[in-house]
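Number of protein chains: 2
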Amino acid sequence: MNTPKIRVGIIGAGFVGSALVQLLSDESRHVALVDAAMAPLEVVGVAVRDPKKVRPGIDTRLITSDALALAKSEGVDVIVELAGGVESARSYVEAALSRGVSVVTANKALMAECGTALAQLANQNGADLFYEAAVGGGVPILRSLRTSLAGERIERVMGIVNGTTNYILSKMTDEGCDYHSALAEAKALGFAEADPTADVEAFDAAQKVQILSSLAFGTELRGELISREGITGVRAVDIDYATRAGYVIKLLGVAERVGEHGISRRAHPTLLPAEHPLASVHGALNAVFVEGAKSGPLMWLGQGAGGEPTATAVLGDLLYVARNKVNGRHDVPFSVDDQLLSVDAGDVASAFYISLDVRDEPGVLASVAGVFGHNDVSIQSMEQSGIADEARLSFLTHCAVTRNVHATMDELSKLESVDCIGACFPVIDGRVS
Amino acid sequence: MNTPKIRVGIIGAGFVGSALVQLLSDESRHVALVDAAMAPLEVVGVAVRDPKKVRPGIDTRLITSDALALAKSEGVDVIVELAGGVESARSYVEAALSRGVSVVTANKALMAECGTALAQLANQNGADLFYEAAVGGGVPILRSLRTSLAGERIERVMGIVNGTTNYILSKMTDEGCDYHSALAEAKALGFAEADPTADVEAFDAAQKVQILSSLAFGTELRGELISREGITGVRAVDIDYATRAGYVIKLLGVAERVGEHGISRRAHPTLLPAEHPLASVHGALNAVFVEGAKSGPLMWLGQGAGGEPTATAVLGDLLYVARNKVNGRHDVPFSVDDQLLSVDAGDVASAFYISLDVRDEPGVLASVAGVFGHNDVSIQSMEQSGIADEARLSFLTHCAVTRNVHATMDELSKLESVDCIGACFPVIDGRVS
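Chains A and B are the protein sequences, given in the same order. Its first residue numbered 1, the first sequence is counted upward by one per residue in this note's numbering. Its first residue numbered 1, the second sequence is counted upward by one per residue in this note's numbering.
Worth double-checking, as some hints may not be accurate.
Claimed, not checked - Output of the computed footprint for chain A on chain B, the stretches with three or more beta carbons under 8 Å from beta carbons of chain A: (1) 132-146; (2) 277-286; (3) 294-303; (4) 307-316.
Simulated from the structure, these hints should not be mistaken for lab results. Even glycine gets a Cβ: it sits at the ideal position worked out from N, Cα and C.
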């Protein structure tokens, strides 16, 4: 049998691109790869920004600096986009898809920004568009949502989808250190970038929530802003309180149904019960927890970043594209459910952890409790700690409407006896066993 | 567009079969299912043992008592085998596959016993054979091994794949009770069967290990016996020791590479570091932990049993069969790697936890330590506890060859000062973060 080769063009040769080239050229895996792809895969071009840089393991004859020409080349069957960024990446991906050339990308920003349009373009031209590596690095959650769970009504998806912030929060929890020293160590170890804004302010997590939500529920991918709060406000005292109360603090990306057609999408620090499967996801690991109507709870865990783990996700997509191509078919990228409505974060109900720095004087609790009360936020438990300048009130509320909780915070911040709102994080409940 | 229906015959209408019929007839999910299957799915027959039994939600006109006739029917495009057992189930599955009719089954015993032959039969006749629900209930691990990880070199698969034993061990750990009272409670709650042998003696886990191994490594499925030890010998004192030493005891199914072509497959109680992701899998949950050469650690977690969760896995397979059928193709079931050799359990190296009931008299430790020493088993730590009739020595060894450890146990059991070997369980190491 003379199966034609699948010709692969790779745009970007950073950690992931280099690891992918190595995976594809590993002689000991050659037979297994051909078996899995149903055809030999051949790298025919690698587009890079600086073609003069030495890249061990990549044949120099494959190197080009013209990414767009590679994406437009007649000699390519599939484009792997690992360049990052949105505008230029979009031009490469569109150039390929519009000619019916399938695309594998790890670009979460691109997918969150214009995934709907790209998916339509792919489908119209009979091409595949896969992006497993865009969420959870090496964790193959997206394919499971597409295939195994295609028939399931999913109620909620929650994920630890950012390794940098999970590393920082794990370090704060395990060692009792504060945010700034944990961030400094994460930078020193390469877990955080010099400018960590995208991670610590939850922009990255928010994009991943959008991608998970599109496959779990059929929401659009067109750069909508979703509710987002970073971890810069998480203090050692919050972690300490959470631990004593039987919780851990995690930055969670959440997408969930609210009523029949509502979807809430958000990313924020959350108190999770210590026995929840997500609570034991430590360090730079990622995990996605899915609650299906019939399947019950499901969780996927793995390396959320790193060249090799991410490259294995890209390779999984590439093999899928190859098999589809050999079989003369393509997958439908994702179906948009037109009836879905984005629910405002203020309308979502949840229990909350609230911490207030207050003046150490009589009557403070009474006035604070009054504000909770007339905003319809019911207190489940309260703890008074510290004295003098360190005096603090920590609350766990019963389930309350977020809008009412925020109104409570606004009003409390105006009280003379309240120095500042230290924290106001949702509490996820629901024991799993 | 007038897409032909996919006609589904279901054999077996217990918890899973009934839940599947309900999933397929749920009006609110109809559009989503047609979308996912690329065609309407229609149940055309349900074979049951007792056709007179009232089955709410199943149209009586679909009921038949002739399973084999249903499997042979010209009017069926896919057979879902949920009858269980091996011999009769095999006849139904062969009847379907030999005519090119695809099969979805939840039957782990059938697959472990004759999966290789059935897979060949399916492939020869252009049919699909899927069995996602046979391992981990609702956890879609098998499809991930088939697709997303098809290109990855997997080094080890470890799973908590039996909910009954995990419930019992979790209960013993959380409440300090002994095996017999935990088993009694598991029976009362329906987590254990009246005759729990298949679960507590690890026959069930061993079959699931064989299935995982076939997809992860390409080992055969033809009823080989693999090394197996149940949980009936796990005592409260072992759990207590493990907890103090920073471990939990879990019944693990393990399949791993040993050298270039060796595969070790086994199921036994294991000490796992408390911070390992598998350690936090509580109660009747199942989880499978995969270590890939490049992907790093990956874990899947979910409901390992129950009608509805298991039915969602069956449905995922059914949708996949339907899409393949609409596209005129089928998947290759699994590839056997002829070069693989089964490694004898005695040749595998591991650290061990060993507990001995001994006489409370001077010189015992010296004679015991001597036996370890000349069998080449090096002791990492030792604890002496209890007095008089309760005297006990607990050891953690360094990594040792299992054969040497067993020789040590044989010799120790002949010492006058040793009353009995209380426990001898492997310790899995390797922190994950």
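Okay, the hints, checked on the actual structure:
no.: 1; hint: 132-146; verdict: holds (count 6)
no.: 2; hint: 277-286; verdict: holds (count 8)
no.: 3; hint: 294-303; verdict: holds (count 10)
no.: 4; hint: 307-316; verdict: holds (count 7)
Of the numbered hints stated above, none is contradicted by the structure.
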